Amino acid sequence: DAGVTQSPTHLIKTRGQQVTLRCSPKSGHDTVSWYQQALGQGPQFIFQYYEEEERQRGNFPDRFSGHQFPNYSSELNVNALLLGDSALYLCASSLLNPYGYTFGSGTRLTVV
Amino acid sequence: AQRVTQPEKLLSVFKGAPVELKCNYSYSGSPELFWYVQYSRQRLQLLLRHISRESIKGFTADLNKGETSFHLKKPFAQEEDSAMYYCALATSGTYKYIFGTGTRLKVLA
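Read top to bottom, the protein sequences are chains A and B. Using the working numbering, you'd call the opening residue of the first sequence number 2 and step up by one each time. Using the working numbering, you'd call the opening residue of the second sequence number 114 and step up by one each time.
Hints are computed from structural coordinates only; laboratory data are not their basis. No false leads were slipped in.
In silico lysine to any residue, SDA-like type, Cα no more than 25 Å apart, as pairs:
#: 1; chain 1: B; residue 1: K135; chain 2: B; residue 2: H163
#: 2; chain 1: B; residue 1: K122; chain 2: A; residue 2: A39
#: 3; chain 1: B; residue 1: K219; chain 2: A; residue 2: Q42
#: 4; chain 1: B; residue 1: K122; chain 2: A; residue 2: Q42
#: 5; chain 1: B; residue 1: K135; chain 2: B; residue 2: R166
#: 6; chain 1: B; residue 1: K122; chain 2: B; residue 2: Q155
#: 7; chain 1: B; residue 1: K219; chain 2: A; residue 2: L40
#: 8; chain 1: B; residue 1: K122; chain 2: A; residue 2: Q45
#: 9; chain 1: B; residue 1: K170; chain 2: A; residue 2: G4
#: 10; chain 1: A; residue 1: K27; chain 2: B; residue 2: S165
#: 11; chain 1: A; residue 1: K27; chain 2: B; residue 2: S153
#: 12; chain 1: B; residue 1: K122; chain 2: B; residue 2: S168
#: 13; chain 1: B; residue 1: K122; chain 2: A; residue 2: S87
#: 14; chain 1: A; residue 1: K27; chain 2: B; residue 2: E167
#: 15; chain 1: B; residue 1: K170; chain 2: A; residue 2: T103
#: 16; chain 1: B; residue 1: K122; chain 2: A; residue 2: Q38
#: 17; chain 1: A; residue 1: K27; chain 2: B; residue 2: A196
#: 18; chain 1: A; residue 1: K27; chain 2: B; residue 2: E145
#: 19; chain 1: B; residue 1: K135; chain 2: B; residue 2: A114
#: 20; chain 1: B; residue 1: K219; chain 2: B; residue 2: F127
#: 21; chain 1: B; residue 1: K170; chain 2: A; residue 2: S106
#: 22; chain 1: B; residue 1: K122; chain 2: A; residue 2: D86
#: 23; chain 1: B; residue 1: K135; chain 2: A; residue 2: L40
#: 24; chain 1: A; residue 1: K27; chain 2: B; residue 2: Y152
#: 25; chain 1: A; residue 1: K27; chain 2: B; residue 2: Q158
#: 26; chain 1: B; residue 1: K122; chain 2: A; residue 2: G85
#: 27; chain 1: B; residue 1: K170; chain 2: A; residue 2: A3
#: 28; chain 1: B; residue 1: K178; chain 2: A; residue 2: G101
#: 29; chain 1: B; residue 1: K219; chain 2: A; residue 2: Q38
#: 30; chain 1: A; residue 1: K27; chain 2: B; residue 2: K170
#: 31; chain 1: B; residue 1: K122; chain 2: A; residue 2: L40
Quantities reported herein were computed from a predicted structural model and do not represent experimental measurements.
Pulled out of the complex, with its shape left as it was, chain B reads as follows (with noise of 0.2 Å):
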């Protein structure tokens, strides 16, 4: 069954550290993957999907075939970027996205 798992409930890390929040997926064809954030207070948003290899306020994700992963990164966090994040999977021939769980990140002063 297709599956995608965010390891990570919450991750704390300090203002200017990396940022890594792992994604790990289930699906045996050729997945379409997605970073969707939260902030607070706001409603779910689209961050970036891999199809499109962009950075979006400095995150980037790679996805990974062999590990079957799509971690979501950026060098050096910042305040703002506090939020839930989910991983999304799209699957070939449906329409729907299967969500992880999420990561909550909280970027400490």
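Chain A extracted, bound-state conformation (with noise of 0.2 Å):
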């Protein structure tokens, strides 16, 4: 089992652009969970998804957004980026409550 799997590990942005992060869950894992982390910061919620749909949003401008798919994979967008959103962008995934969350290893952000 390959764990939760993110693509890519890193990308370079411009002010501006749109860009989409990419998440396979643990396999038996149906909720796939987004968290952002600044540097020197703790990982910060942005949002969960289950059946498909946004069960929970963190305290993130709407240019966040995602989706996730039947497989439960998932996927973030991020419009107009700002320098502000270059972070490490962390899937997690787990069952129907949080408890036990498995995380990937990140896509890093730079936004230039």
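Combine the two chains into a complex, taking the hints into account.
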């Protein structure tokens, strides 16, 4: 079992561009959560998807959106990128409740 | 507002010495608390959760509701314990974790 797989591992984008990050959950997991981790900070919750719907959202603007597919994989989209969006984006999968997240290695996004 | 505080950014101890990583939380309800660990070049992984009352790799953590703390302890530190440790809070009725800013533990030979 490969666990949680995220792609790409690194990405450089220009301000104003749009980006899509991808996540495949651990086998058997049906829930995907996304976190943003800025340098020197702990991960911050962006949103969680279950049954292809956004179940809960953190304190992030609408520029951040997501999607979950029938195979439970997920995408995180960020529009109109700002320099402040530069961070490590972590995907975590789990069963219905949040206990026992399995994290991916993350996608390092740099906005220039 | 719910919050997790890890007051130490860096904690250095000698091998064989006791370790205590501090975690305080702010939440008026019944919390679910976790410790996550990130070893060098590895992904974030669950170390332990208070509800299980388990000991993993010699680490234990006791929830103290009076002091709103969930400190991580180990009686004898090993060099392989060197890592970044994050305390996380899950609140009832939500599905998210609130993480602290982390403490880097360095165990010196």
